[in-house]
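Starting from the known structure of chain A, fit chains B, C and D onto it as the hints suggest.
Protein chains: 4
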Amino acid sequence: MITNPFDDDKLHEECGIFGIYGHPEAAAHTVLGLHALQHRGQEAAGIVSYNGTQFFSQRHHGLVGDSLSSEEVIRTLVGDSAIGHNRYSTTGDTLMRNVQPLFAELSGGGFAIAHNGNLTNSMTLRKSLIQKGSIFQSTSDTEVIIHLVATSSYPKLVDKLVDALGQVEGAYSLVILTQKKLIGIRDPLGIRPLVLGETEDGVPLLASESCAFDIIGARYIRDVEPGEIVIFNEDGVKSLKPFPKANQRSCIFENVYFSRPDSLTANTSVYEIRKRIGEELARESGVEADLVIPVPDSGTPAAIGYGRESGLPFELGIIRNHYVGRTFIEPSDNIRHFGVRLKHNANQPQIKGKRVVLVDDSIVRGTTSVKIVEMVRRAGAKEVHMRIASPPTTHSCFYGVDTPEREKLMASQMTVEEMAKHINADSLAFVSLDGLYRAVGLAGRNNDQPQYCDACFSGDYPIKLTDRDGGEDGQLSLLAEQG
Amino acid sequence: MITNPFDDDKLHEECGIFGIYGHPEAAAHTVLGLHALQHRGQEAAGIVSYNGTQFFSQRHHGLVGDSLSSEEVIRTLVGDSAIGHNRYSTTGDTLMRNVQPLFAELSGGGFAIAHNGNLTNSMTLRKSLIQKGSIFQSTSDTEVIIHLVATSSYPKLVDKLVDALGQVEGAYSLVILTQKKLIGIRDPLGIRPLVLGETEDGVPLLASESCAFDIIGARYIRDVEPGEIVIFNEDGVKSLKPFPKANQRSCIFENVYFSRPDSLTANTSVYEIRKRIGEELARESGVEADLVIPVPDSGTPAAIGYGRESGLPFELGIIRNHYVGRTFIEPSDNIRHFGVRLKHNANQPQIKGKRVVLVDDSIVRGTTSVKIVEMVRRAGAKEVHMRIASPPTTHSCFYGVDTPEREKLMASQMTVEEMAKHINADSLAFVSLDGLYRAVGLAGRNNDQPQYCDACFSGDYPIKLTDRDGGEDGQLSLLAEQG
Amino acid sequence: MITNPFDDDKLHEECGIFGIYGHPEAAAHTVLGLHALQHRGQEAAGIVSYNGTQFFSQRHHGLVGDSLSSEEVIRTLVGDSAIGHNRYSTTGDTLMRNVQPLFAELSGGGFAIAHNGNLTNSMTLRKSLIQKGSIFQSTSDTEVIIHLVATSSYPKLVDKLVDALGQVEGAYSLVILTQKKLIGIRDPLGIRPLVLGETEDGVPLLASESCAFDIIGARYIRDVEPGEIVIFNEDGVKSLKPFPKANQRSCIFENVYFSRPDSLTANTSVYEIRKRIGEELARESGVEADLVIPVPDSGTPAAIGYGRESGLPFELGIIRNHYVGRTFIEPSDNIRHFGVRLKHNANQPQIKGKRVVLVDDSIVRGTTSVKIVEMVRRAGAKEVHMRIASPPTTHSCFYGVDTPEREKLMASQMTVEEMAKHINADSLAFVSLDGLYRAVGLAGRNNDQPQYCDACFSGDYPIKLTDRDGGEDGQLSLLAEQG
Amino acid sequence: MITNPFDDDKLHEECGIFGIYGHPEAAAHTVLGLHALQHRGQEAAGIVSYNGTQFFSQRHHGLVGDSLSSEEVIRTLVGDSAIGHNRYSTTGDTLMRNVQPLFAELSGGGFAIAHNGNLTNSMTLRKSLIQKGSIFQSTSDTEVIIHLVATSSYPKLVDKLVDALGQVEGAYSLVILTQKKLIGIRDPLGIRPLVLGETEDGVPLLASESCAFDIIGARYIRDVEPGEIVIFNEDGVKSLKPFPKANQRSCIFENVYFSRPDSLTANTSVYEIRKRIGEELARESGVEADLVIPVPDSGTPAAIGYGRESGLPFELGIIRNHYVGRTFIEPSDNIRHFGVRLKHNANQPQIKGKRVVLVDDSIVRGTTSVKIVEMVRRAGAKEVHMRIASPPTTHSCFYGVDTPEREKLMASQMTVEEMAKHINADSLAFVSLDGLYRAVGLAGRNNDQPQYCDACFSGDYPIKLTDRDGGEDGQLSLLAEQG
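Protein chains in written order, with the numbering used here: chain A, 1 to 483; chain B, 1 to 483; chain C, 1 to 483; chain D, 1 to 483.
Excised from the complex, chain A in its bound form (with noise of 0.2 Å):
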């Protein structure tokens, strides 16, 4: 049997992006924001720069500091603006034709296009664009985007972008460059998230997360708002709300897992943000013990937060092998879950007779948590008491996160106690959903009117899902294709 160790029994994100306007570097710039960005996908990434002339294109599968750092590459990238994309793929869909950013030939001019998120009726907008004539090379949602802007009748890029995103449903972020323009977007609701930025020079930046900035130096102005439109040109800076106004409903996974604890979301620290999730986890769930151990790396600053306000000694009770590998033959003798093994060891002398908190940031499949609580329990544990940096993950994500299907998540079919029974830990419990919301820094959620997209938790989705509901499966003439 094999064991793919890359399997981590987590949610993911499926992309970042980047744009940078009117500067020298401008692709060894996205070249860097891209790396810092690296955790919201690792498949592939591709960059796109113009020159005043001509635009330059670099798409390659890997990461961005195996595929597009090299100076050999960045050499093609000429000119002084560029936009750039991480992409995480789903399963069987990792064609070099949807690897972002696209690009097109439009009667004005090119036009490239990098896409955070997921659009919810994109099918069924492809099927009518189809039946007008339009030709898809690409399988991806953000296709559906730039027909809608070469087919809108308007005679300007920027109303025909507004005409276009008027027809699409669903969460985007994107970045998009012109001849003229660096324009940056973020769906009526804020799902994705989007950040202004300068280096020190002034030029402006834009990014997916604020740790793009840093990487290069620069500094974090401002989350592109809801439903804005901020277009760079020669002239400066211009910001358009052409959108009805809407409740702004940003991701609150990305406060969870998704964002990189050095990353701000409205100006506030994830890492801090974390950690207070742990703070409220200890009061909500406290449980007499020896020490707190984190489940690498993810579940780190909450377990610093639960040990803070425990008063219990946090300890690195697992260490992970940071080494991985494409897949590993499992021993036919070996003992169970052996796969969980190839990336943690529990240290056992730390271990050994103790009551322990294990503190992780949220509960998928459960796969995972069976196996780290069996290495704890075989390493000598004498209780193992779960506590979750998140409420129980009971729906799927349909707005640019990798989610399995409902019935595969393990909270949607148990409650708390058959979770923690089948995960064999002495006690579980999650973080409420008011919790969370404290912790990033509100009441608690305002139920009429939630201030975040929480659908994975709660079911309350706040666009909605006319490909899903409408049958539209997306199911292609062209199955497959090499080369």
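Treat the hints with care, as some may be off.
One-sided excerpt, in silico: chain C residues whose CB lies under 10 Å from chain A [what the hints assert, rightly or not]:
1. His35
2. Gly217
3. Ile221
4. Thr268
5. Phe314
6. Glu315
7. Ile318
8. Thr327
9. Ile329
10. Glu330
In silico BS3-like cross-links for lysine-lysine, where the CA-CA straight-line distance does not exceed 27 Å [said to hold, decoys possible]:
11. Lys181/A - Lys156/A
12. Lys156/B - Lys127/A
13. Lys464/A - Lys241/A
14. Lys127/B - Lys132/A
15. Lys127/D - Lys156/C
16. Lys127/D - Lys181/C
17. Lys181/D - Lys132/C
18. Lys10/C - Lys343/A
19. Lys343/B - Lys382/B
Interface residues of chain D toward chain C, partial, derived using beta-carbon atoms under 8 Å [said to hold, decoys possible]:
20. Leu106
21. Ile130
22. Gly133
Bear in mind the hints are in silico, worked out from the structure with no lab data behind them. For each residue, glycine too, the CB sits at the ideal point set by N, CA and C.
For chains B, C and D alone, coordinates are given in the frame of chain A:
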């Protein structure tokens, strides 16, 4: 200095195409057909198959026998119908997205197309299509046909096709695969070849040349006629001739060099034609000599004919090295014209002290002829008489053959006497245009209504050159895409 | 300018080794053991197995999990005994023929060997062996051992081995596989580690560290003793001590940095030792501050210990980017010390306005420390106090650790005060050598008969450096081999 | 089913070698020489150069023009002396460590060797060398020579060489490069060829065939004599003949197939010899027919000779497809003998209704002949008469040619009549052994003291087969090494 031995100073056909309808091993047969047509294009190859539900595609750089023929690849090309394409590409234009067959999802379903030829108004049409909202994914003129079909207002596919082809100018032999049909089309003048065949079991086939039928034990039936659309579907075969009637003008150079000698063209043996050209040459410009030597391998049949007619012994006076390579460093102290010896070596004992007639198929830039004559002289030939199995190549081709700019064609810049002097031959003669027409079986060229396209020899272009004359250069916004 | 983010200013262990005797899945277990030892060498890895009749070998560049772990590879490594090796290579020396295990056909049969350590008289021995007719296939010092064995006049293999090892000087932990035996050997001073374990079913194991046992659910028994030869064959296990008795001088740096924190060394937890070093540091050179921050990841246990002892809060003030890459272009306008931010980012909200204690494991060249301090200052730290969990590294290692020339070691060129100033820290302190000995559980260093090899801190080299002192530079006739 | 079109049912020479001494572009010339000798081995190639201080080596799988000819590679091969080697390898034996030139660091300095031939007592010698402590790095018989030299007790290199070669049995042409000398050696019977040449500037050259001189504009001087050692150093050239005098027995098959037709052997044109074999055939076994057709390309000169002598017209009745590939799937419904059509196609209009004489160079297993005859019959030939330009191949070669086991040689199992029936030819005839001797210029075979090695036709082996007769099978302990 680096010498590329592939630069063999020949004209190059730009493609070979193949189609099969209703055979359980459609892809395996297409691979073999493309292998037999490999001489028409070596840069890339592709196949699209259809299994009644889905299309499957494989497109790769390199030779058919290296990239498409493995069991692993063929296993993915499911279905009982398939089309295939061999591509010869002009410099720099090596993008995978240009490798054919091209595929598009049209409103009526999937549509795959493979094209041999060249459209002369594609840039003009492309500009107008972009204006209306079409987005191009390749730089290939073939994609223009797809967009014209996709945006045609006729409801039925065949009518859309006729509508689309009514707008294009140029040379095209096409094979098209849809969910219900295999279609073969030859342009109204029949410039590029397309032949019809069938397997022993009566399965219909289309191919650029009949040698693609021999390899699978199938037989040649007839040429697809100029302006004919042949449609195979489950009801059998149908032939349409929707375009205004025109006089046939097939490419005469196919007989001189492009086609394989074992192919039949209009039911005539290409090998036989070439021997007859050699005989014409011996009659038109015989010379006293000791032996006749072909420039391998393309000059061989004409040299046999020349020897037969003149009574001179035929000898392999030049030996070809069948192994080639990418680049070689030329030693600085080397004798002149080093490159030619990477591929050819004089068979000195045959040549020394002899008066030799060298027979080659054509002279393009003349660079190789200079080297060949010098090599033969260094081997001790007393006299060198060059005889060419085609008239002087004075004009570029715009109908699907890769030719240099006119100024680089030796025969457009010099008289035959100047050329003889330049290549240092004791005498040089080309077969006359009438002699060439006689060799293909006619009484001579009908100058009022020529029976072939011989623009490369005569400058008489049978189809207008809209893009060239309109200055459409096809400059694109996206200069370079890598990855 | 190009910056290689891998250059992390650390010392590097040169190898990890593993052996297993009499298990039906010997190769699959060896792959897992090598994966757990990957931190000891990432350049290449290899395995040799034996099936009672033939030996099988796989050696590859790259990580174990990429190159050796696939079913396809393991299937070729037939047999129930195997040895494996992870290699860290010094610059330029990346030939496959140097990748271990090395194999030779000796007169008594096949002989495979994997070596962790470095011989200090290998060039001298090599010269003499060549004189007698031996032909070397690698530049590895390990091959010297093989030739000494091959040419030994003793009839039995173990006697040949003792004869051969009696001539070598230096550090060596060896695993050897022959047609009948698995052999583990540690040099008389026990400089490099080698531990003994067994699976749940009693199958014997050898490894550089005990974490290689954990991953396969096996248990640590004891360290192989200095100068001990352990032999496993079908009759069971045998232990020899044929060398003159010497005082143990194990490498103390294993405890500081090389070994994984979850490994046991002489039955003591490495993680625990590192926390105790942090406690020593807090006691020896505590400073008033607001928080303690580890330089990730190697400084973390000591920072936890420092925090515990000093009462300062432990915070992740520096966030590590786990994605790396080959090279990055440094933008010309970038702020100084760009490279460090490819791997680390200051967690600004935690640091701003604070007095911070940074804890790192060691300072080698000091280049990273300069950048880290500047990064923390730019993030707004009010004071930066650097504390190092080892004494100043003043001397190069010649016993199997890749260290820079002595002149490049910062501590060999500057006083601690000068170093503090150079790295721009408000204060800098190293743990004392006695403090380090206390942390490993002794009363302090016994200067008459030191209990560890601490040459890198003290210059006290326990084994003579024959090649270096004799000027043997190992220059070879074959400068470069490619292919 | 998969058919490998490379399996062309021919004998294969095992190597080509080249050497140059004292030329500023030694490596570039060696690349060209190896390219001209590519027909002698296509599996791998290597070059070792020497610049007065160091040796440089490049060894690669694949063709010279793909792997060794780039500027990048040649730039690494510094120096004014070089030797090179083309390798044809037997199945499975494709390890890089077997690719030549082999290099060893001997006590007197570097020693590089390239070998064409095969030793018949290498396993016996190898066993004895291992017993004395030699460690082998390859499975090549060439390495035996190196170890014999390395362990020879003579002080001077040339004496060591004579000592070593005095112990080996078999066929060997060698080029050797040391720090001071280029050495060429041919075994006492002169079985494999080795010729001496010089550039226009008088730089000395060694090569397997004279065509390697033509490509660089150099000239053939003479064959190295059997048993001769030619030594080039800064003092000029020296020739030794240290071995006991023996009668020359050069391989006669070089004239039939191995050598290029444009090479000279013993100052005679190979092309001329092959035409004369065709003439002998026409005289010995002429038949009434309409035309003579070569099996391309190796049958062509003999077919020309046959046509000349018989008066039958020579036609290209079989057209060769010069593009090859790795594997092709054979369609299940295909007609028999599919494989041959991947490479050859009958030129049907020439053949239909005709009585044809097919001329091929040899019959080995006979598998191709069966297919060729069937293909020609299917094309409509009225009669098919096969004529073979060599005697029946009844015995395996052990002197450096890759031949099947004796039982697989068709002529060892059947009479000529049975063979004719088996391949379905109307008649079959081979040239007689005396006819072959006449074609090379002798009066016939001197059966008391044959002038050539013709063991493959006669079973008369001029050198004893010690390993084979002693049952040394060369089984090694290390069965498989990958990576």
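Legend entry - Numbers of the earlier hints that this structure fails to satisfy, in rising order: 3
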